[in-house]
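Visitor: The residues making up each chain are set out below.
Protein chains: 2
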Amino acid sequence: MGGYENGDSPAAAAWEGGVILGVDGGTTSTVCVCLPAAMPPPEAPGSVAVLSRAIAGCSNRNSVGENAALETLEQVMMQALTTANTDRSAVVAVCLSVSGVNHPSDQQRMLDWICNLFPGNAKFYVENDAVAALASGTMGKLHGCVLIAGTGSIAYGVTEDGKVARAAGAGPVLGDWGSGYGIAAQALTAVIKAHDGRGPQTNLTRDIIRKLEISSPDELIGWAYADPSWARIAALVPVVVSAAEDGDKVANTILHDAVQELAESVVAVVRRLTLCGEDGKDQFPLVLVGGVLEGNKKWDISGEVIKCISKVFPGVCPIRPEL
Amino acid sequence: MGGYENGDSPAAAAWEGGVILGVDGGTTSTVCVCLPAAMPPPEAPGSVAVLSRAIAGCSNRNSVGENAALETLEQVMMQALTTANTDRSAVVAVCLSVSGVNHPSDQQRMLDWICNLFPGNAKFYVENDAVAALASGTMGKLHGCVLIAGTGSIAYGVTEDGKVARAAGAGPVLGDWGSGYGIAAQALTAVIKAHDGRGPQTNLTRDIIRKLEISSPDELIGWAYADPSWARIAALVPVVVSAAEDGDKVANTILHDAVQELAESVVAVVRRLTLCGEDGKDQFPLVLVGGVLEGNKKWDISGEVIKCISKVFPGVCPIRPEL
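Chains A and B supply the protein sequences, listed in that same order.
Mapping of the first sequence onto the UniProt record's numbering: position 111 corresponds to residue 111, and the numbering continues sequentially without gaps.
Mapping of the second sequence onto the UniProt record's numbering: position 143 corresponds to residue 143, and the numbering continues sequentially without gaps.
Treat the hints as calculated values from the structure; they're not laboratory data.
Mixed in with the good hints there might be a few duds.
Derived Cβ-Cβ restraints for the label pairs, each shown as a range [claimed, not checked]:
| hint | chain 1 | residue 1 | chain 2 | residue 2 | range |
| --- | --- | --- | --- | --- | --- |
| 1 | A | Q260 | B | Q201 | 32 to 40 Å |
| 2 | A | A37 | B | D246 | 29 to 37 Å |
| 3 | B | V164 | A | Q75 | 45 to 53 Å |
Calculated cross-link-like contacts (lysine to aspartate or glutamate; reagent style DMTMM-like; alpha-carbon spacing at most 20 Å) [said to hold, decoys possible]:
| hint | chain 1 | residue 1 | chain 2 | residue 2 |
| --- | --- | --- | --- | --- |
| 4 | B | K163 | A | D218 |
| 5 | A | K163 | B | D218 |
| 6 | A | K163 | A | E127 |
| 7 | A | K123 | A | E74 |
| 8 | B | K163 | B | E127 |
| 9 | A | K298 | A | D246 |
Please read all numbers here as calculations on a predicted model, not as lab measurements.
By construction, the Cβ of each residue, glycine as well, lies at the ideal position given by its N, Cα and C atoms.
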């Protein structure tokens with residue numbers, strides 16, 4: 001497979017050696033990029049020509065169900081191919097990094113599905129999205145730990161010799177309280193408790209009612225169950241952060257608890273893989289990804305998480321990959 | 001409307017004055033009884049001839065969605081009518097006590113729906129199931145507090161002059177941690193945390209894996225999201241109680257936390273309604289209903305809840321209605 005000729009459009013050139021689809025499937029959104037399978041020209045090593053990029057919604061089967069997740073994945077891949085002026089016959093490889101792929105049986109079902117979608121000799125790779133997130137921060141080298149905290153949360157680590165471990169990433173039923181969903185659900189619970197007399201008053205009541213354009217906390221129950229999407233709940237995180245930044249005690253407690261949960265998930269992975277060496281002091285990369293860990297005005301969640309982790313493992317080297 | 005003649009079958013007699021349907025709709029199951037609208041004969045005051053009884057699954061709209069809940073309610077009512085050898089034209093009144101009916105708008109939608117189902121002059125009553133549960137323990141008098149803890153949980157109270165208040169009953173997203181769902185979800189979380197290194201080892205791992213016939217905690221994630229029914233999760237409560245009775249520390253902590261949550265919901269309602277009098281020492285009835293509060297071998301959840309409440313309000317008079 002040669003590089004494409006000077007003057008050709010990337011899309012036309014892609015037809016020659018076929019295309020590769022890379023999919024990053026999250027609980028909030030799913031992104032697919034279409035790349036030429038041909039190597040980049042020798043005069044531009046390291047550069048990758050992205051032929052097209054498509055975006056869709058949630059592809060976490062645990063949040064929206066398997067059928068909806070697979071529909072979203074198919075839709076986003078087909079859209080990327082169309083935008084690149086090509087079609088599924090040109091696909092030589094598909095790399096799916098999808099949240100909610102936890103067990104080997106999840107992986108196998110997705111492989112079976114994608115084989116049917118692209119009949120022929122294409123190659124397929126299916127992983128949890130944490131693998132792609134780790135690679136995105138370590139220049140492709142799979143070593144170290146990644147913490148994702150978006151709508152969902154997971155800590156995932158890989159050793160130099162390929163051992164892997166994960167913690168959390170089990171969704172809201174199974175206690176991912178450091179995730180965006182977890183933070184927002186705690187805030188909604190705090191509003192209900194303040195309203196029915198079980199908990200202290202909090203500005204979250206005023207702020208969440210305003211954000212959701214409802215008239216009373218009584219309406220929260222109907223709102224919460226009208227749509228089971230995890231991302232819809234998690235979208236309230238900025239309200240919680242902003243209330244905490246303005247000094248609300250309840251909101252601050254919720255964020256501190258989330259920091260603790262996130263730090264514990266990283267510590268569990270690092271400990272199980274001995275990423276920090278036998279004396280616990282070796283350096284190791286920690287890639288931080290996801291909306292919850294992005295910088296806020298004053299309340300720096302990822303900074304607090306790193307502070308907690310470094311008390312246990314001082315060799316932690318945080319990396320925030322550019323997207 | 002007279003009583004029915006001696007020697008008539010109850011079903012045939014029911015045709016004369018019409019029938020009443022009473023529905024108790026829960027998150028685990030829904031029961032409908034069909035009663036004659038005619039008064040009982042004077043020689044047997046207080047006796048009620050139940051013409052038929054039908055049972056179906058969950059009718060909590062917040063758990064299974066509005067359409068599925070209404071389908072279940074229609075199905076259970078039609079089955080009760082058929083079994084009583086009658087049909088919807090004989091219905092003169094329907095009393096629906098259904099969990100998940102929280103806001104006046106929920107009530108109105110259900111009233112609109114049932115009016116369409118029984119066109120004519122029938123009368124309709126729609127309430128949260130806590131109202132029926134309270135009446136079942138106080139011989140029909142609506143005064144005092146009721147605590148329901150089955151798949152879901154709610155505390156609901158009424159004063160002598162008709163003021164009402166409730167606490168909890170907001171479902172799993174909004175923090176009903178004392179419910180059967182809440183207890184079981186905490187147990188599942190404890191298994192995941194023990195497995196990925198975030199929490200202490202617990203016998204719940206062995207017990208829940210055995211109960212669900214899976215081979216490893218990794219499979220719990222797939223299991224948890226394969227079906228969104230709250231009742232399916234809550235069905236694990238007996239495993240948690242049994243582990244706690246056998247001395248498992250993690251299971252004991254989960255039950256103690258649930259006791260605290262349940263007691264706090266009752267205390268909040270009693271305080272808001274001043275059911276305990278101005279000095280906090282008046283007697284008031286507390287009706288206890290639901291699978292979580294039924295007697296276990298050694299770990300008596302309702303006993304512990306009463307102990308907690310009586311520390312704050314010594315006048316609490318527990319009532320466990322016969323079903």
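Visitor: Now tell me, hint by hint, if it's right for this structure.
Guide: Hints, one by one, checked against the model:
At about 21 Å, the CB distance of Q260/A to Q201/B disagrees with the hint of 32 to 40 Å. Separated by about 59 Å at the C-beta atoms, A37/A and D246/B break the suggested range of 29 to 37 Å. For the pair V164/B and Q75/A, the beta carbons lie near 48 Å from each other, so the given range of 45 to 53 Å is met. A hinted pair counts as satisfied when its Cα atoms are at most 20 Å apart, and K163/B with D218/A qualifies at roughly 17 Å.
Pair hint K163/A plus D218/B holds up; C-alpha atoms about 17 Å apart against a cutoff of 20 Å. Our distance criterion of 20 Å between C-alpha atoms is met by K163/A and E127/A, whose separation comes to about 15 Å. Taking the CA atoms of K123/A and E74/A, the gap is about 16 Å. The hint holds against a cut of 20 Å. For the hint linking K163/B to E127/B, the alpha-carbon distance of about 15 Å falls within 20 Å, and the restraint holds.
In summary, the hint linking K298/A to D246/A is supported, as the alpha carbons are separated by about 9 Å, within the 20 Å threshold.
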